[in-house]
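S.K.: Those protein sequence lines, which keep their order, are chains A and B. The opening position of the first sequence corresponds to residue 1 in the numbering used here, with each subsequent residue numbered one higher. The opening position of the second sequence corresponds to residue 1 in the numbering used here, with each subsequent residue numbered one higher.
In case anyone wonders, no lab produced these hints; they're calculated from the structure. Incorrect hints may have been included.
As the list claims (entries may be wrong) - Pulled a few chain B residues facing chain A out of the computed Cβ check, cut under 8 Å: (1) E135; (2) H140; (3) C191.
Unchecked claim - With a cut-off of at most 25 Å between alpha-carbon atoms, the simulated DSS-like pairs for lysine-lysine come out as follows: (4) B:K280 to B:K35; (5) B:K90 to B:K31; (6) B:K90 to B:K194; (7) B:K31 to B:K280; (8) A:K239 to B:K194; (9) A:K239 to B:K304; (10) B:K90 to A:K239; (11) B:K194 to B:K31.
Said to hold, decoys possible - Short derived list, chain A residues pointing at chain B, Cβ under 10 Å: (12) A165; (13) G166; (14) T184; (15) K234; (16) G237; (17) T238.
Since we're looking at a predicted model, the values are computed, not measured. Where a beta carbon is used, it is the ideal one built from N, C-alpha and C, also for glycine.
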Amino acid sequence: MAEADTDSTRDAGDAIHDRDLIAGAPVSPTELDVVVAEAVDAVIVVDTEAEIERAATKRLGIMGWLAIGWMALVALMTIAPGLFPIPSLDERSIEALRSGNFGPQSGHPLGIDGSGYDMAAKVVNGARASMIVSVGAVTFGLVVGGFLGLIAGYFRGRIDTVLTAGFNVMLAFPQLILALTLVTVFANQQGVSYGRRVGVVTFAIGIVSVPILGRITRANTLAWAQREFVLAAKVIGTKTSRIMFREVLPNVLPAMFSIVLLGVGVAIVVEGGLALLGVGVPPGIDSPSWGNLIASLRSQLFFGRPWGVFAPSMAVFLTVLSLNYLGDVVRARFDVRESVL
Amino acid sequence: MSTRPGKGGGRRRVAPLQEHTGCLLEVVEIKTHFKTPAGVVRAVDGVSLTLDRGRTLGIVGESGSGKSVLSRSIMGLLPAHNVIREGSVKFEGNELVGLGSNDMRRFWGVELSMVFQDPMTSLNPVMRVGNQITESLRYHLGMEKDEANATALNLLRSVGIPEPQQRMRQYPHELSGGMRQRVVIAIALACGPKLLFADEPTTALDVTVQARILDLLQRQQRERHMAMVLVTHDLGVVAGRTHDIAVMYAGKIVETAPTATLFRNVKMPYTEALLQSIPKLDYHSHTRLTVIPGRPPNLIHPPKGCKFSPRCAYAQERCLEEDPPLFEADTPGHHYRCFFPVGTPEGVEAFSRNQERGETAAGTPVVVRTAEAV
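Chain A with its partners taken away, still in its complex shape:
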């Protein structure tokens, strides 16, 4: 041991070996090497497993297909509610009402509301209003926010400062209050038509989503507009508007699209919130939306009849979950593509 210590020029590994030899230690260098090698292998195995798992989550998987299936169902409800084997909206089931059973039963898979109307019919028919409002709102946000974000990110400088400040001001507003104010001011008078009310609700939620989509678009545009192919397009004399929409926008779209999916989910929830406050899609026997169903049937909870709220809530829950999941898948795919390039 003393020998090893005095020889300061030797490296640590030699010192250990020498000490082992002198002290007759049980662990021989070769054994040590094996242990180290195994530990290294274990680390590598863990890494590859994690990698495989990560790769798998980027594929759709069962959850992804379920989400797509549910969204297809929602789309069908929106476009063609007549295809579903459900009673019409104004059909009351007096027998079911008399029996006092408001839960799922034969002929009424999702139960009935306090007046004997079929919940399945309401949920299926309510999809249209909910989807029109949420998709319409996010489309509005996408077009306006995307355009402003593209301009801010591409031109930078003063335009960017002004637009970003505008986005921040809008984000500083409590979203629900802003939407509430807009609907109250523009569509809460007596005799406002259903169409106008839905339009204003859509617009109100759309305004709220403008800064979110605007900022995402701006950030991605900033990154992509620095790429050399934008300069290369400029060098061959491409017009600025063409560079923005043909060269930069297609690259930014995947990021925008993942936010759009999440945004539709948020918009559905906001629509429900507005309905709860009495300024959503106006409730009525023949004009259900998921939001106004929850709002108008919440009093049923006090009578121990949760089904009226449960059915539309479940529809909202599944839709938001599916959209979030698909949004994540899109984003993951987008990341993969960027790392490959």
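Keeping the supplied structure of chain A fixed, place chain B upon it in accordance with the hints.
M.R.: Same frame as chain A, now just chain B:
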């Protein structure tokens, strides 16, 4: 090509002003400074050059010498904010300095074009190769879709891409680096520019592909009778391929000459150092490579006097005080910025003096060179 003495650095004018009427490109005293929080970066500090059709010019320099900024500045591709661009760039008699993007669009693509360094980033990843080529054809030359497609096919064929029909429908990520650079060249050549800038066109490529891309550029330049500016950090790249070479250092041209003259009769110690730093095939293994000591100067606070003096083996007291102007050598078209040029009695004396005292006037140690390095 001919260069004029720098007004900013030179105290006396040595080379006579030459009249270049009808010259394709005439750059006079161009300066490009960037305003940064740390100070003004003098990336290009008074460069003059002229270029005729059918001629090629190699611009050589190490990283940060301003060679890329120079080519972008000539093309007017620099951002509008925080950039000072002075001097004159005349293209066929038209002044380009001061033109905005809208006016420059008349020149871009049709008259001036550029091949970028990295084909990985200079192609749009989400556009088919064919569309990227036909885009400028249709918009600049007003071609119909069929005509543009046929032209694009011919272009791809002429830049040596096999099965161009299939390539047209592919995305950039489906092509190899060399293929992509060929596509980039095809795009740059699509509208038949008269002047092509190639900004380190082979730096991002495999060594085996480099020579082929350079051959391609050279062939296209000859066939189309273009003028070409080849920007590179590799003297070997420009050696047999350009008519003239301009060596840049710290934003200035420090030596310029017809290619053969430059390699035969180096005057500027910087050029000599660059040449010596190229490893030679007949070196023994483990030969210590010759390096240029130090680092390129800070362009915000450049050293007083000759910018290369802190790293120069010839540096004398005068070099630290006075910025040398462009001197004209005996051979025509050969200019250099040095008080003690290589191969002259002054230079030999300066070098031996530095060797005797073991360091240059700037305090840089002088390594006694081996016979093969000298």
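S.K.: Does the nearest C-beta of chain A fall within a distance shorter than 8 Å of the C-beta of H140 of chain B?
M.R.: For H140 of chain B, the interface hint holds, since the closest Cβ of chain A sits about 6 Å away, which is under 8 Å.
S.K.: Checking hints one by one. Is A165 of chain A an interface residue toward chain B, by the C-beta closer than 10 Å rule?
M.R.: violated (18 Å)
S.K.: Next item in the hint list is G166 of chain A. Is there a CB on chain B closer than 10 Å to its CB?
M.R.: It is violated, given that the least Cβ distance between G166 of chain A and chain B is near 21 Å, above 10 Å.
S.K.: Can C191 of chain B be said to touch chain A, with a Cβ gap under 8 Å?
M.R.: holds (7 Å)
S.K.: Is it true that the CA of K90 of chain B sits at most 25 Å from the CA of K239 of chain A?
M.R.: Roughly 23 Å separates the two Cα atoms, so the pair holds.
S.K.: With 8 Å as the cut and Cβ atoms as the points, is E135 of chain B at the interface with chain A?
M.R.: With a minimum Cβ separation of about 7 Å from chain A (threshold 8 Å), the hint on E135 of chain B holds.
S.K.: Double-check K234 of chain A for me: the hint is only fine if its C-beta lies closer than 10 Å to a C-beta in chain B.
M.R.: Where the cut-off is 10 Å and the nearest Cβ of chain B is about 7 Å from K234 of chain A, the hint holds.
S.K.: Grab the minimum C-beta distance from G237 of chain A to chain B and call the hint holds if it beats 10 Å, violated otherwise.
M.R.: Constraint on G237 of chain A satisfied, holds at 4 Å.
S.K.: K239 of chain A and K304 of chain B: Cα distance at most 25 Å?
M.R.: Given pair K239 of chain A, K304 of chain B is violated - Cα atoms ~44 Å apart, limit 25 Å.
S.K.: Against chain B, is T184 of chain A within 10 Å by beta-carbon distance?
M.R.: violated (43 Å)
S.K.: Return the status of the interface hint for T238 of chain A: holds when the least beta-carbon distance to chain B is below 10 Å, violated otherwise.
M.R.: holds (7 Å)
S.K.: For the pair we were handed, K194 of chain B and K31 of chain B, check the Cα-Cα distance against 25 Å.
M.R.: holds (24 Å)
Comparing the model with each numbered hint stated earlier shows that hints 4, 7, 9, 12, 13, 14 do not hold.
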